[in-house]
Amino acid sequence: MSVRTAVKTWMLNRCEVDLRENFQMSTMGRYAENDVFIVGYPKSGNTWVQYLLSAAKYGVDPSRVKDSLVQRLVPDIYYHDYYIRWQDQMEFKSHEPPSAGYRNVIYLLRDGRDVMASYIRFLSKLHGDAFDLNKMLRTGKAPFPYQWPEHVAAWLANPYDARMLVIRYESLKEDCARELESMCRFLGVDCPTEECQLIAERASFDRMKARELRNGWANQEWPANETFCGKGEVGGFRQSFEEHDLDGFMERAGPVLRQCGYLDVSMTAVDRAGGCP
Numbered sequence: 001m002s003v004r005t006a007v008k009t010w011m012l013n014r015c016e017v018d019l020r021e022n023f024q025m026s027t028m029g030r031y032a033e034n035d036v037f038i039v040g041y042p043k044s045g046n047t048w049v050q051y052l053l054s055a056a057k058y059g060v061d062p063s064r065v066k067d068s069l070v071q072r073l074v075p076d077i078y079y080h081d082y083y084i085r086w087q088d089q090m091e092f093k094s095h096e097p098p099s100a101g102y103r104n105v106i107y108l109l110r111d112g113r114d115v116m117a118s119y120i121r122f123l124s125k126l127h128g129d130a131f132d133l134n135k136m137l138r139t140g141k142a143p144f145p146y147q148w149p150e151h152v153a154a155w156l157a158n159p160y161d162a163r164m165l166v167i168r169y170e171s172l173k174e175d176c177a178r179e180l181e182s183m184c185r186f187l188g189v190d191c192p193t194e195e196c197q198l199i200a201e202r203a204s205f206d207r208m209k210a211r212e213l214r215n216g217w218a219n220q221e222w223p224a225n226e227t228f229c230g231k232g233e234v235g236g237f238r239q240s241f242e243e244h245d246l247d248g249f250m251e252r253a254g255p256v257l258r259q260c261g262y263l264d265v266s267m268t269a270v271d272r273a274g275g276c277p
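In our numbering, the protein residues as written are 1 to 277.
What follows is a list of derived Cβ distance ranges for each label pair: (1) F186 to G101: 16 to 22 Å; (2) R30 to A157: 23 to 29 Å; (3) G254 to I77: 26 to 32 Å.
Everything labelled a hint here was simulated from the structure, so no lab data went into it.
Predicted model, so just to flag it, every value in this text is computed and none were measured.
Using N, Cα and C, we set each Cβ at its ideal position, and we do this for glycine too.
All chains, full assembly: derive it from the sequences and hints.
Dropping the structure here:
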């Protein structure tokens, strides 16, 4: 080990000790009533919003920040057993179904067909040949224990009457700054329009991909030779599947897709707040 590496390791360990001594360490799963959860089915823009809110609330540059810091600021509930409570109100990234403990929720909604295309690419990179693509398309079953239509329907029904803001992935792609402003108002975070626009530019897909190549990810399970950031396209499923490939998924998810306006060509008529008609 070089002297430089040894010093850097010592400093990081010292910082870890200082954090533990000066901030409250909490067990993941023990939350405050005013905490906010960024929830969505996997590949619905969860990581993107995690970075956006880290920038809006804590001032980090999403195009340069290390993932390990983002995981500290807006923790992914699946990453660590403990988290540091920086402020009275914390934000968490989650994929969970509705529960009584989730009192404040930003729910991320994305066309389930695009979700499937992105999720399949993700799982193929993560599991390689061990991943059964045909079975997932046929049954909808994946390592995540809930299926897309059930997850979306459950959250939009809001059975525990959570205070909730629904954000469409498609709206984020169309005008990221506008949707970020909406999320900041929901969180009570003061982030002027100009700052939201700057954050949106820094969190563009091209700049997030460049950040990934430079800094990688904190998730040790993610293969180092694979890229996490995809194209993030709206309607990209058309290039990923033949029409008949999605027959099984459409049979299960069709009613929810239609309810949310994804099978209606006039999707712009759907409420901008993201709620399904």
